[in-house]
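> The chain contents come next:
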Amino acid sequence: MPRPFVFMTSIHAVQLTGLRASNLAELHAGLSGADDACVYHHTHRFLRTLHFLPDAPNSDFALWVGENLREDLLAERLASLDLRDFESMGELKAVLLSMLEKARQDDERWKRRVPPGLEFHFCRSTSLVLSTGREAAGLEDFIAGLGEVDAGCLYYHLVEAPLRRHEDEWRGNDFSEWLAKEMGLEEEARKMAELDPYLQDLEALRGKMLEVLRGGHLRAVVERVLARHAPSETGEVVRKLLQKWRSS
Amino acid sequence: MASPYAAYRDIIGRHDHDLLERVASALRDREVVMVNSTREGGGVAEILQNMIPLMNELGLKVTWEVVEGNPGFFACTKTLHNALHGRSEPLTEAMVKAYWDTTRANAERLSKVLDREIVFIHDPQPAGLIRHLRREGQRWVFRCHIDVSAPHPPAWDFLRPLVEAHDASVFSHPSFSQKLGIPQFLIPPSIDPLSDKNKPLPDDFVAKTLARFGLDPRRPLVTQISRFDKLKDPLGVIGAFALVKKTHPHAQLLLAGGGATDDPESAHILPAIQEAASRDKDIHVLELPPFSDLEINALQRGSSVVLQKSLKEGFALTVAEALWKERPVVATAVGGIPLQVLNGKTGWLVHSVEGAAYAIRRVLERPEEAAALGRQGREHVRRNFLITRHMREYLSLFLCALHPGQDPVELRVAGAGEPPEPEGGPSRNNN
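Protein chains in written order, with the working numbering: chain A, 5 to 252; chain B, 106 to 536.
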């Protein structure tokens, strides 16, 4: 029996660290001492809270460097990182630090302060995880659930939970993992795993996932029909047509 | 009649409504006591009046107590309040004695009701109670509603050890806090979409309200609603409007707010505003009496642009109020405003009189773009600055306080689909 998929969601409690930065030097120092929950907060909070906005910012670091320090080039670089490339917040932090460090050679630029009131405030997020109350025992339930759960649930399974896994575990997302391991839908799982949650809003991702799955669902129905019926002359014709469709 | 909490369902949507119920179910029957210094008047009392019944409806057991004091105690806490805001007002020995005498008397009076699992202290007035009443197994949380970013040092020296005796603290904005030895949570304030100040109003009521105050509903209206204080830069607003009038001669400006202020520097500003306004018949200065929430609501809804050109700000919930009404907002990037106005997405952030004038003209010239900003602004407020979000974050805070050091906190909630066991499921943490 396949293990059911439990649709989870999460909410976040934001904590202040009390650390502030007024220039690149202080941003670098603060980030050097930041823990994973801090790096996660400043690189993921927009995805959680502003995903409904077209062209929403994607990083507090990039936003502050661009809007307040007016370092457009550096801001663009910080904002352009593909977060899927990083297996941990520690890795991401190291790359962010190395990008900031390139400005260190220019002492004036490194120490130029923002006006009072525009400082960067280091925060961190604590996640509270809970069930949505919905489970899927099979593919039909799963598709129905995926169509109805809230965007927070999509965020949790596409972004947050995969980030928390060990490096040697599955590299996709929760949805793709379940489809591959419990439903045997390798092709659909691969397509789901390739979706980039950082570049599309969560509702658009929902649409794409459903598109992938509905094709997979039809294939599964065909497989069941073919498995139940012995070939006959008429059945053979149908079988060929279905096989042709399946391989298309 | 629908329950109070059910009334929010159509506003926040089924998912968020259900989510809040599920989070609350993890705290079912938990006892919380809120403590502040007044049941009526002021923003803290208003939030508690609205929020406590909702929390109880969701299954928590929340009570509310207030500290009582004599004039000497409140003179001390008023001085403390001012000094925490940065004024160099000294706390005298007599004031400190009055604080502790009153705190001791309150502790005796409240000892039997402050035995709840979570004690939620609002602002400095009840902060000393922890020294007398803390019991084993309790979680005490200090909620600071004021800006302590640049306090007069003696005042902070007095308050800091009391704050740090608590298990956690809460601030409204990152810049309002200090470095502390206890966890600090960030929980912005909120508006209530069902209150008189924010509920939907009929168009004819809006038009009549504008007409009642001498405004023409058919002409563009630029509005700033805030108390008459030089930190709200009313003269800068008038300067920006003068630039706007060059290209929009039919535009009107409304400066509306409370007239009284206890700031001696600001007491002289109203005559200066009136003098500047007298040069243009399209500038209206309106002193609103207390309890003018419906009028403020109508004036905001009737505005073409809402301006908040402050030089310094607290959280500035007037911005959230305007965004909730889908008004295009032009505001300075100070205090809590940048959390609400995302430049070019939910409004325009500006830094100068000229910048404000340009942004106002842009809004007036591009109504479709302004409407899109307004729609996105309302959605931003709906998701992030309503009382239901505020309540959810308080519940999250309680849960974090009950599970110190855990991340993630896995919640056991009512119904199917418990969090997965450690061996399986998707939510394991390897941090």
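It is worth saying that the hints were derived from the structure and are not from the lab.
Owing to the predicted nature of the structure, the values given are computational and were not obtained by experimental measurement.
Be a bit skeptical, because a hint or two may be false.
BS3-like, lysine-lysine: derived pairs with alpha carbons at most 27 Å apart [as the list claims (entries may be wrong)]:
#	chain 1	residue 1	chain 2	residue 2
1	B	304	A	115
2	A	97	B	284
3	B	417	B	302
4	A	195	A	212
5	B	350	B	313
6	A	212	B	450
7	B	202	B	166
8	B	350	A	115
9	A	212	A	248
10	A	185	A	212
11	B	350	B	304
12	B	302	B	351
> When the hints from earlier in the document are held up against this structure, which numbers fail?
Violated hints: 1, 7, 8, 11, 12; rest satisfied.
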